[in-house]
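Please model the entire structure based on the sequences and the hints provided.
Take the sequence shown: its letters are residues 1 to 186, numbered as in the UniProt record's numbering.
Worth flagging that the hints you see were computed from the coordinates, not collected in a lab. It is possible that part of the hints are untrue.
Simulated pairs of lysine-lysine, PhoX-like, Cα-Cα distance not exceeding 20 angstroms [to be verified]:
| id | residue 1 | residue 2 |
| --- | --- | --- |
| 1 | K135 | K121 |
| 2 | K89 | K115 |
| 3 | K87 | K135 |
| 4 | K113 | K87 |
| 5 | K169 | K159 |
| 6 | K2 | K40 |
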Amino acid sequence: MKNISRIDQPQKNTFGWFVRLRRDGRQISKFFSDGKFGGKDEALKAAVSFRDENIAEWENFAKNHDRPMHVGTRSNIGENGISYTRKKKMRNGKEYIEHVFSVCYSPEKGVNKNKTFYIPKSRNKTEFKRNYKLKLQEAIDFRDEMMHKIYGLRYVNYKLRKKRAEEKKSPPHCRSVAADVAQGRG
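In structure tokens form, the structure reads like this:
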């Protein structure tokens with residue numbers, strides 16, 4: 001039975017069914033004891049009911065629930081689905097370099113799309129850094145918009161969990177500074 005396991009441990013006096021569901025990085029688990037539910041069959045019925053209710057709730061809530069949500073982990077700049085590249089181009093017999101962000105996303109099964117954000121030419125490093133940050137933010141906003149269209153609230157919840165995990169990783173003295181910067185007070 002999918003997502004349901006039988007646990008029989010006489011040495012610990014534990015007998016029952018264990019339900020484990022994992023959806024979009026979240027895990028739900030519950031143990032259904034034979035003794036508490038009046039026997040093996042009744043505990044199994046309760047476990048199946050619990051599993052089916054949670055899956056139905058998730059399917060009603062999730063957009064494209066039949067597709068796994070791939071957000072990717074590989075990126076050379078730390079943002080999933082966005083990479084920084086320098087392209088060599090030839091124009092009028094001269095070679096020059098274009099700096100770009102490539103955003104990857106998959107609007108439907110088996111279809112991959114890319115959008116390129118060109119970083120404008122700059123006269124100095126300060127201007128390049130400013131242009132880099134502006135185009136990076138534009139690329140992030142575009143990817144978030146596309147992922148939200150594809151996955152709906154599943155993606156929003158993923159971003160919230162990721163943000164909370166990053167806040168937990170940062171040292172306590174840096175959290176207030178990071179929050180101030182994020183809210184434009186820093």
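Cross-check of the supplied hints:
1. K135 with K121: Holds: K135 and K121 sit about 12 angstroms apart, inside 20 angstroms.
2. K89 with K115: holds (18 angstroms)
3. K87 with K135: holds (16 angstroms)
4. K113 with K87: holds (19 angstroms)
5. K169 with K159: holds (15 angstroms)
6. K2 with K40: holds (17 angstroms)
No hint from the list above goes unmet by this structure.
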